[in-house]
Amino acid sequence: MSEQDPDTSAAAGAYWKENIRLLVTLMAIWFIVSFGFGILLRPFLDQFMLGGFPLGFWFAQQGSIYVFIVLIFYYAWKMKKIERKYDLDD
Amino acid sequence: MSTQALIYLFVGVSFALYIGIAIWTRAGSTKEFYVAGGGVHPVVNGMATAADWMSAASFISMAGLIAFMGYDGSVYLMGWTGGYVMLALLLAPYLRKFGQFTVPDFIGTRYYSKVARTVAVICLIFISFTYIAGQMRGVGIVFSRFLDVDVNMGVIIGMCIVFFYAVLGGMKGITYTQVAQYCVLIFAYMVPAFFISMLVTGNPIPQIGLGSTVNDGSGMYVLQKLDESLQMMGFGPYTDGSKSMIDVFCITAALMIGTAGLPHVIVRFFTVPKASDARRSAGWALIFIALLYTTAPAVAAFARLNFNDTVNQTAYSEAPGWFKNWERNNLIAFQDKNGDGVMQVASGDAFAGAPEFTEGTGPSGERLLTNEPNADSANEVYVDRDIMVLANPEIANLPGWVIALVAAGGLAAALSTAAGLLLVISTAVAHDLLKSTFKPDISEKGELLAARVAATAAIVVAGILGIYPPGWVAQVVAFAFGLAAASLFPAIFMGIFSKKMNKEGAIAGMVTGLAFTFLYIAYFKLWNPDANVAENWLLGISPEGIGVIGMVLNFVVAIVVMKMTAPAPAEIGRLVESIRVPRGATGAHAH
Numbered sequence: 001m002s003e004q005d006p007d008t009s010a011a012a013g014a015y016w017k018e019n020i021r022l023l024v025t026l027m028a029i030w031f032i033v034s035f036g037f038g039i040l041l042r043p044f045l046d047q048f049m050l051g052g053f054p055l056g057f058w059f060a061q062q063g064s065i066y067v068f069i070v071l072i073f074y075y076a077w078k079m080k081k082i083e084r085k086y087d088l089d090d
Numbered sequence: 001m002s003t004q005a006l007i008y009l010f011v012g013v014s015f016a017l018y019i020g021i022a023i024w025t026r027a028g029s030t031k032e033f034y035v036a037g038g039g040v041h042p043v044v045n046g047m048a049t050a051a052d053w054m055s056a057a058s059f060i061s062m063a064g065l066i067a068f069m070g071y072d073g074s075v076y077l078m079g080w081t082g083g084y085v086m087l088a089l090l091l092a093p094y095l096r097k098f099g100q101f102t103v104p105d106f107i108g109t110r111y112y113s114k115v116a117r118t119v120a121v122i123c124l125i126f127i128s129f130t131y132i133a134g135q136m137r138g139v140g141i142v143f144s145r146f147l148d149v150d151v152n153m154g155v156i157i158g159m160c161i162v163f164f165y166a167v168l169g170g171m172k173g174i175t176y177t178q179v180a181q182y183c184v185l186i187f188a189y190m191v192p193a194f195f196i197s198m199l200v201t202g203n204p205i206p207q208i209g210l211g212s213t214v215n216d217g218s219g220m221y222v223l224q225k226l227d228e229s230l231q232m233m234g235f236g237p238y239t240d241g242s243k244s245m246i247d248v249f250c251i252t253a254a255l256m257i258g259t260a261g262l263p264h265v266i267v268r269f270f271t272v273p274k275a276s277d278a279r280r281s282a283g284w285a286l287i288f289i290a291l292l293y294t295t296a297p298a299v300a301a302f303a304r305l306n307f308n309d310t311v312n313q314t315a316y317s318e319a320p321g322w323f324k325n326w327e328r329n330n331l332i333a334f335q336d337k338n339g340d341g342v343m344q345v346a347s348g349d350a351f352a353g354a355p356e357f358t359e360g361t362g363p364s365g366e367r368l369l370t371n372e373p374n375a376d377s378a379n380e381v382y383v384d385r386d387i388m389v390l391a392n393p394e395i396a397n398l399p400g401w402v403i404a405l406v407a408a409g410g411l412a413a414a415l416s417t418a419a420g421l422l423l424v425i426s427t428a429v430a431h432d433l434l435k436s437t438f439k440p441d442i443s444e445k446g447e448l449l450a451a452r453v454a455a456t457a458a459i460v461v462a463g464i465l466g467i468y469p470p471g472w473v474a475q476v477v478a479f480a481f482g483l484a485a486a487s488l489f490p491a492i493f494m495g496i497f498s499k500k501m502n503k504e505g506a507i508a509g510m511v512t513g514l515a516f517t518f519l520y521i522a523y524f525k526l527w528n529p530d531a532n533v534a535e536n537w538l539l540g541i542s543p544e545g546i547g548v549i550g551m552v553l554n555f556v557v558a559i560v561v562m563k564m565t566a567p568a569p570a571e572i573g574r575l576v577e578s579i580r581v582p583r584g585a586t587g588a589h590a591h
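As given, the protein sequences belong to chains V and Z, one line each in that order.
Numbering follows full-length UniProt numbering, with no gaps: position 52 of the first sequence is 52.
Numbering follows full-length UniProt numbering, with no gaps: position 332 of the second sequence is 332.
Calculated directly from the structure, the hints in this document are not laboratory data.
As the structure is a computational prediction, the values presented were derived from the model and not from experiment.
Some hints could be false.
[Stated by the list, open to error] Which residues of chain Z face chain V? A partial, calculated answer using Cβ under 8 Å:
hint, residue
1, 26
2, 74
3, 77
4, 84
5, 161
6, 164
7, 216
8, 218
9, 219
10, 274
11, 276
12, 286
13, 291
14, 294
15, 297
16, 583
[Unchecked claim] Derived SDA-like pairs: lysine to any residue, alpha-carbon spacing no greater than 25 Å straight-line:
hint, chain 1, residue 1, chain 2, residue 2
17, Z, 243, Z, 376
18, V, 81, Z, 273
19, V, 17, Z, 397
Where a beta carbon is used, it is the ideal one built from N, C-alpha and C, also for glycine.
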């Protein structure tokens with residue numbers, strides 16, 4: 001591990017801040033679709049139907065999984081952009 | 001060709017394929033043995049991760065559990081997939097950038113302490129062995145039913161196969177074998193699911209079929225019909241479940257965090273070329289996993305519907321062939337309590353415990369039991385939940401080759417996970433205990449030999465656990481997740497996101513989390529199982545979900561201890577800074 005020059009450190013600091021902001025947003029969505037819609041709000045959501053599924057039940061057994069996949073690929077894509085912006089990509 | 005001949009053919013061909021791949025890709029160096037050389041493509045790694053991850057429990061047991069738990073089964077679906085979001089966002093890219101071989105490697109280096117490394121190894125071995133014993137039982141069940149051999153013989157055959165690709169091939173061999181195993185297991189899972197969805201709803205896509213109307217002209221939705229038929233039999237509605245909300249919440253969380261803390265999953269992200277590949281690879285892994293995990297709830301609902309239709313109020317003498325097949329294998333039982341020769345399915349256990357058959361048969365030809373009947377319930381049928389997926393093709397009258405395919409798929413699922421677990425155990429012993437703690441001057445060749453010896457020893461132990469399953473294994477196997485959530489996850493997470501966390505805090509946290517979770521589970525599952533009811537649980541949280549509280553305790557203790565002890569040295573701050581940026585990630589350090 002080598003000492004980093006001040007320029008890279010500043011870029012690394014800003015990069016890390018943006019990463020954390022993105023992380024918090026995506027983890028919030030992750031929490032809302034699974035623990036929120038699938039568990040805490042399920043009794044309420046179950047009065048609505050999505051085809052043959054009660055909505056809360058659908059989020060618990062199908063929907064949250066689809067959202068999880070989208071979250072990971074969005075994160076991978078967005079992070080690549082942020083890394084390029086700060087010239088820190090691998 | 002007869003179904004039995006087809007099974008031998010399918011299983012034989014798939015095994016020959018795995019062994020061939022293992023010989024082709026065998027490891028020549030420790031780096032190849034531990035992390036497959038570090039150059040695995042993210043999509044390939046995603047597929048291998050999915051096979052590694054989806055065990056006999058996912059393939060064989062999960063749909064059966066959901067079928068009998070209804071909504072409550074969602075804990076497995078969300079829990080075992082949501083953890084990949086945590087992995088991709090919070091752990092995988094940083095661990096890849098760190099660039100060494102194992103989870104204890106990271107903890108030992110980040111917390112500059114051999115004690116921390118050793119505690120991590122203990123957590124890892126504990127988690128992996130509880131998990132692997134369950135896999136070996138899965139191998140035994142599938143072999144005994146489909147290959148018509150003794151369960152012990154089945155376990156031994158399984159051990160020999162795993163020995164080949166784990167000991168010879170190391171991570172490199174396992175990775176490519178697992179890709180083949182993924183293809184076999186997902187094909188084997190999807191084919192009967194397509195058929196059954198088509199039969200029940202007329203829509204071949206199970207994910208959509210589950211939300212469609214039943215094909216019987218009643219115009220009812222699948223879930224609606226299932227709710228209604230279960231309520232008529234005295235069960236609660238399928239879409240409602242019976243666990244308390246806090247328990248469902250905590251079990252889901254424990255399974256998610258545990259997934260993100262399971263060493264054999266984490267280590268797969270050390271094998272891709274770059275940190276950014278680790279993120280993409282987690283996404284691919286989840287796609288491959290989701291294919292099975294979104295099919296499972298459909299398989300579960302269809303299986304329960306079929307089961308109710310064909311068993312309830314049917315005379316035993318007219319019971320379908322699969323019912324009698326599984327009765328011969330001790331996994332289904334009929335106790336004719338009211339002596340009418342007709343099977344009644346209702347809520348509650350038919351009798352206490354697992355069936356104990358006598359030699360004799362009853363008036364309708366059913367196998368007689370010595371179990372004390374449960375007078376509180378009208379239920380007369382015992383079903384082992386593990387059979388739902390395996391019996392599905394038979395329940396739906398599918399052709400022999402589909403049954404053969406499911407046999408090959410179940411074995412692929414169990415063997416791939418067993419191999420992945422054996423590898424983390426052997427790597428931890430050879431690399432973390434021997435090379436990094438006790439004998440730093442060992443040669444590369446010596447370390448590779450030690451890893452192979454450790455893998456062999458681990459296979460033997462796993463095989464013995466499979467042949468003589470101690471009662472506690474079945475009781476605690478699901479708790480590998482709680483233990484991983486409470487011990488390893490917080491230490492890794494704080495190692496990345498806090499520059500200040502020091503070794504005293506991390507060690508105290510891991511020990512507290514592991515000890516608390518272990519004692520809580522052991523109390524309710526081993527020492528005082530009669531007390532295992534909701535009234536006695538802490539905050540109403542069952543032993544399955546307690547890992548979350550263990551994790552919270554881990555964080556709290558770690559932070560308090562950190563505040564009271566000397567700060568982490570300055571070079572640790574620089575190490576953390578370097579793992580946070582992707583640039584400069586090279587192959588895993590050769591050291």
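Evaluation of the provided hints:
no. : hint          : verdict
1   : 26            : violated (29 Å)
2   : 74            : holds (4 Å)
3   : 77            : holds (5 Å)
4   : 84            : holds (7 Å)
5   : 161           : violated (31 Å)
6   : 164           : violated (33 Å)
7   : 216           : violated (14 Å)
8   : 218           : violated (13 Å)
9   : 219           : violated (11 Å)
10  : 274           : holds (4 Å)
11  : 276           : holds (6 Å)
12  : 286           : holds (5 Å)
13  : 291           : violated (10 Å)
14  : 294           : holds (6 Å)
15  : 297           : holds (4 Å)
16  : 583           : holds (5 Å)
17  : 243/Z - 376/Z : holds (21 Å)
18  : 81/V - 273/Z  : holds (19 Å)
19  : 17/V - 397/Z  : violated (58 Å)
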